[in-house]
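Visitor: Build out the structure end to end from the sequences listed, making use of the hints.
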Amino acid sequence: MKNDNFDKQVNQALNDSVDRLDSDTTQRLFETRQSALAELDRRSWWQAPIIKPVGAVAAGLLVFMIVSPVYRLADNEKELPHPADIELMASVDNLEMVEELEMIQWLLEKEDYAG
Amino acid sequence: MFNRLASDLQTATKDNILNQRQALNQFFARAEKRAYRMAQIATGDREEALDIVQDAMMMLVRKYSDRTEEEWGALFYRIVQNRIKDWYRRQKVRNIWHSWFGKDDEDDEQGIDSLPEIVSNNPEKKIFQYRMTEQLEKALSELPLRQQQTFLLRTWEGLDVKQTASAMGISEGSVKTHYSRAVHSLRETLGEYQYEE
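Residue numbers (the working numbering), protein chains in the order written: chain A, 1 to 115; chain B, 116 to 312.
The hints are all genuine.
Subject to a maximum C-alpha distance of 20 Å in a straight line, what follows is the list of computed SDA-like cross-link-like pairs (lysine to any residue): (1) B/K148 - A/E31; (2) B/K277 - B/L190; (3) A/K8 - B/D275; (4) B/K253 - A/V18; (5) A/K8 - B/K253.
Label pairs and their calculated CB-CB ranges: (6) A/V67 - B/K277: 41 to 49 Å; (7) A/E39 - B/E162: 19 to 27 Å; (8) B/Q206 - A/D24: 21 to 29 Å; (9) B/R205 - A/V67: 46 to 54 Å; (10) B/K253 - A/Q27: 23 to 31 Å; (11) A/T26 - B/A138: 20 to 28 Å; (12) B/R205 - A/S68: 53 to 61 Å; (13) A/D41 - B/R205: 25 to 33 Å; (14) A/F64 - B/G273: 44 to 52 Å; (15) A/I66 - B/N140: 38 to 46 Å.
The set of hints was computed from the structure by calculation and includes no laboratory data. Just so it is clear, CB atoms sit at the ideal spot from N, CA and C, and this is done for glycine as well.
Guide: The structure is reproduced here in structure tokens:
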């Protein structure tokens, strides 16, 4: 059998076998198809393909709404001074240093006006 | 406003399901008979073949109906292939069981009564075609499962090497090997069956 003829005849033979399927088998296949399609109808609306992207966006928004205040709080925490800094600032020596700095600044300003 | 949005969404969903139903109906109508024949050639059993097609349709609807129509073909045949493989595994166990208890299967004798009524302008050709189909089916059923299914997917379904590999869950190299062996074997068996027009 020649190559192209072989493929053609095999296809023809198989197609014929499909065409010759008995009516009972054809009917059974039709019923099978209908029950599979009924399964599609039974799927509730929230399982429909369009719901997936909408649901994904809604879920993303929800996550954002939950997570963003947490991040904001975390940012606020960053602005608070470290306990060690508070301790340093609270010590008497450092308060004196701040007072001295104010004194130096006052003197500098005074010099500027004088001269 | 929310009610209107929900109503619009519901309408869009209904339209979507209707379109999807129509597309699936057309796809199944095209594929069901061929899938049935493939399963029947593989199993040699009408009821098993119908069960395989039913399982494949259900699974495609349940798991992959939201995929694109272009993807359905390869996915559907992949499910059919997996079901056929499952059937073979079960059959293997059953055969071992039978061999222990020595139960032989009865041969189905197909006589002239099983020939369908042939009505055609060219009865000679039709009879040849019927015999050819019979011989082809016999030759195909004698091939190893992978060769048989590779040949059917490539030659009959027209899947390319990549699609066949995906449907069968094997490498492209294996597809080429199985296909080439199947063609060689079938040519040898069916060599005498050719109709000169």
